[in-house]
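Residue numbers (the working numbering), protein chains in the order written: chain X, 40 to 309; chain G, 6 to 277; chain B, 22 to 379.
Simulated from the structure, these hints should not be mistaken for laboratory data. We put the beta carbon where it would ideally sit given N, CA and C, even for glycine. Among the hints, a few may not be true.
[Said to hold, decoys possible] Computed footprint of chain G on chain X, listed as stretches where at least three residues anywhere in the stretch have a Cβ under 8 Å from a Cβ of chain G:
id, segment
1, 108-122
2, 148-162
3, 168-181
4, 222-231
[What the hints assert, rightly or not] No farther apart than 20 Å at their CA atoms in a straight line, the calculated lysine to aspartate or glutamate pairs in the DMTMM-like style are these:
id, chain 1, residue 1, chain 2, residue 2
5, X, K233, X, E187
6, X, K156, X, E168
7, B, K53, X, D115
8, G, K225, X, E54
9, G, K90, B, D121
10, X, K229, X, D200
11, G, K225, B, D121
12, B, K50, B, D121
13, X, K156, X, E227
14, X, K259, X, E52
15, X, K229, X, E246
16, X, K233, X, E246
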Amino acid sequence: MAPIFDLRDVCFEYERIPALRGLSLQIAAGESVALLGANGSGKSTLLRLLDALCFPSQGTIDFGGQRLSQELFQKDGFALGFRRRVALVFQNPDVQLFNPTVFDEVAFGPLQLQWPKEKVVSQVAATLELMSLAHLRDRPPYRLSGGEKKRVALASVIVLDPEVLLLDEPTSTLDPRSQSQIIDLIQEWKGSSKTIITATHQLEIVEDIASRVAVLEEGKLAASDSPAEILSNHELLLRANLVHAHRHSHGTVTHSHPHLHAHSKHEHEH
Amino acid sequence: MSRGTVVRSTVMGFARALARALISEDIARRRGLLQSLDPRVRLVGLFSLVLAVTLSRRLWVVGVLFVVALAVAVLSNVSLAILAKRVWLVVFVFTSAIAFPAIFLTPGTPVATFAGGAVHITEQGLTTSGLLIARVETAVTFTTLLILCTAWAQVLKALRSFRLPQEAIAMLAMTHRYIFLLTETATQVFESRESRTVGVLPAAEQRRITAATAGVLLSKSIDLSNDVYLAMQSRGFRGEIRTLSEFHMQSWDYVGLLAFLLAGGAAVWMGR
Amino acid sequence: MHIPDGYLSPSTCVTLYAGAAVGWYASLKRLKRVLLSRMVPLISVFAAFAFVVMMFNLPLPGGTTGHALGVTIAAIVLGPSGAVLAVSIALAIQALFFGDGGISTLGANCCNMAIVGSLVAYGTYRLIAAGTAISSKRRVAAAAIAGYLALNATALIAAIEFGIQPALFHTANGTPLYAPYPLGIAIPAMMIGHLTFAGLAEAVISAGLVAHLQVADPGLLRATSGIAARGDAASPSEQPATKSLRRLWLTVVFLMLLTPLGILAAGTAWGEWAPSEFARGGSVPQPTGPSHGLAVTAGMQRLSTLWTAPFPSYAPGFVKSPAFGYLLSAMFGVGFLLAASLLLQHYFKRRRSTGHSS
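Same shape as in the complex, but just chain X:
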């Protein structure tokens, strides 16, 4: 089967600092892939490229055989179709919750895609029910807990029933119970025909959420294999800074800036 995403030699820089340096990767439709990497390995950047929020400076990304480009997204028809099929859940839910209430938040996507009103209302209600958020319908985001915010962020994209789900660190900074709730949801989708691409640095969840693991190291693909193979390859994990990775908390701040980790020290502002 032709891959749904086909990346060839993708490079990307933020203000001249490279984030991805020649990454090639194929992802089949219906596959569940974990992008494993330390902070700054380029996971978040890769997800944004896959969601066509930015475009490679070199190399190409094909989606369902079509080359993604800025020009293509000038066309409403293609852009809306793509947005309908591919959805990204950001690491920091605060970024994604910009509407006054939970209901408005979940309704935002369907409204932009110009669904009829009745369908919007019924779909939003069903999604809130599914994510056990119905009782929070009229809450403003600042009155939600961290776990609830994450669930609303998820609800706001799955209401569109996308074929491809891109998840950026869906379980980091969550308490254990919210974490397992989210993992359960991902496992449910895994069984369906959805393509699920999850960026994470948490080794312990990889087996639950993915059937294949792609390890990213300094903006390149270091390995791609089954979870069992990858998790037993200690040398690889050490090199990719995934075991004994230094610990530091970023609080609620999205951390997606693309610096490279010097392995002995790190220097960025928290």
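Once you have looked at the hints, place chains G and B on chain X.
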């Protein structure tokens, strides 16, 4: 002066603002007169009463409007204690500080003379001060009732149906939402800085801390706005914001609207 | 600085709402050509930032505290149109959600703080920082001065709005219906607090933020730097489209600048209250209010005589209504500010276009 007094008072100001927002939301969810009306009726109705307050030129008419405000408050399940604490006292202190000198400074018929004729209290001065204080108290009470009894999301929906540009509504909505996030961030930054300081901070140092915190906040704000834009695009935002409006005026709403407009109109007529 | 409901007459409120509406319309229109969709989140977050910064207490010399408005940094990063919208939105939320500043006076507050504040801040910053590198120390100083001037211009406009109330709106026996103090008291009372303290708060915060951006995010200073504009803030293509708007502005400014003729004519209005009221002013109990309260001090007396000096009481008296004179002088003030900002804008456009061709 304890360390970081000013920084502390800023943080407490944040907490107070948040607490206020939470109170409003609880009151907005109660059952009551204002809560039972369509948000658009509340907005138009209370705005017309505020206008009536500013239009009427007689003290007693403003007084009657104040009683109307009290009645609306009681019927809407708003405790008068909250109004007294949040509105009446603050407004009285602030406005009377401004209005007090006018008792002497306004030219007119003297009613009392001090310091051998150098200083007069004038009739006009007393009236203008009284009118100013009564007006501000009453108008702010109406505004506060609107705020207390209407969740922000409903205010936005009401504004939407007044044909304001979509972008303006979207910005109002997003700004409100991110005020809380940035307040939280600022509190964290202030508190972490405070925990690292020992002893009394000189004013210059407090100024520096405050400016530096503003700087951190600015950087975070900008990053945030970039990411929010991407998040909007990701869900199909193409430059035009589409929303759902789901208001239906009931006959009760028309009754309310009519009552507000009649009260306002009567006040303007009587207070000419 | 936030004018609550009840201080201004309804007709003043309506006029200033209309003024603010022109500002909002012009800003939206200007931004629409730039790419409003991108600006929506940026302006929103900036408005939230301005709102939060307004809550920062800043210790000032003399044991007082003040707070900044955030309008200067908004003008420096977003440009005048974006700043007008961002600050207006922050003010609207303060009025509609937190109850600070009135609903009927929202237009007035937006005119004063968002529109006048942004234009003065932007003009001053561009003028002083012109031609310097992004990392130049002069930009920090420019931000400080811009902040100081913007806040004082804002206070001046508010004082004028207060000051024209008693002459325009009073009962038959002379009782003022709204803000009770004439220009001669309102202006010095407002300005003393702002010239000394409140203006400093905005200056400190604006300078601190520009210094921060120079290190942390210099790209944000580029849009209004006048150096090799990357086509975002003010691209050449916007010029023809905003031409009709500019003509409208020019007409308004021209009309307003004609008002000195009227002031000369109504000169009695200025002299009328000044001597008698100030004789009393000194012996009045002195309220020591917050910096924006209408404190009456001895220094004010001196300042106010200075202010009234250019308007002698021997001016022809054929315009009897003092109200007329107040209105005209206020219009002149606004017209002057607008003219200054238009001239500045024109100057920078010229500079930039010659800079490109060389």
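The hints, checked one at a time:
For a cut-off of 8 Å, the count of residues in the segment 108-122 of chain X with a CB near a CB of chain G stands at 4, and the three-residue condition holds. With 8 residues carrying a beta carbon less than 8 Å from a beta carbon of chain G, the segment 148-162 of chain X meets the three-residue requirement, and the given coverage holds. Remark: the segment 168-181 of chain X is confirmed as covered by chain G, as 4 of its residues place a Cβ nearer than 8 Å to a Cβ of that chain, reaching the required three. As drawn, the segment 222-231 of chain X meets chain G at 0 residues by the rule of a beta-carbon pair under 8 Å; below three, the given contact is violated.
Distance restraint check for K233 (chain X) and E187 (chain X): the Cα-Cα separation of roughly 23 Å exceeds the 20 Å cut-off, and the hinted pair is therefore not satisfied. Note on K156 (chain X) and E168 (chain X): the hinted pairing holds, with a Cα-Cα distance of about 19 Å set against a maximum of 20 Å. Among the hinted pairs, K53 (chain B) with D115 (chain X) is consistent with the structure: their alpha-carbon atoms are about 19 Å apart, no more than 20 Å. With a CA separation close to 17 Å, the supplied pair K225 (chain G) and E54 (chain X) stays within the 20 Å bound.
Distance check on the hinted pair: K90 (chain G) and D121 (chain B) sit about 15 Å apart at the alpha-carbon level, within 20 Å; holds. Taking the CA atoms of K229 (chain X) and D200 (chain X), the gap is about 14 Å. The hint holds against a cut of 20 Å. Distance restraint check for K225 (chain G) and D121 (chain B): the Cα-Cα separation of roughly 26 Å exceeds the 20 Å cut-off, and the hinted pair is therefore not satisfied. A threshold of 20 Å between alpha carbons decides the hint, and for K50 (chain B) with D121 (chain B) the separation of about 28 Å lies outside it, so the pair is violated.
The hinted pair formed by K156 (chain X) and E227 (chain X) fails the criterion: a straight-line CA distance of about 28 Å is larger than 20 Å. At most 20 Å may separate the alpha-carbon atoms for a hinted pair to count; K259 (chain X) and E52 (chain X) meet this at roughly 13 Å. Proximity of K229 (chain X) to E246 (chain X) is assessed by CA-CA distance (about 12 Å); at most 20 Å being required, the pair is judged to hold. Using a Cα cut-off of 20 Å, the hinted pair K233 (chain X) and E246 (chain X) holds, with the two alpha carbons roughly 17 Å apart.
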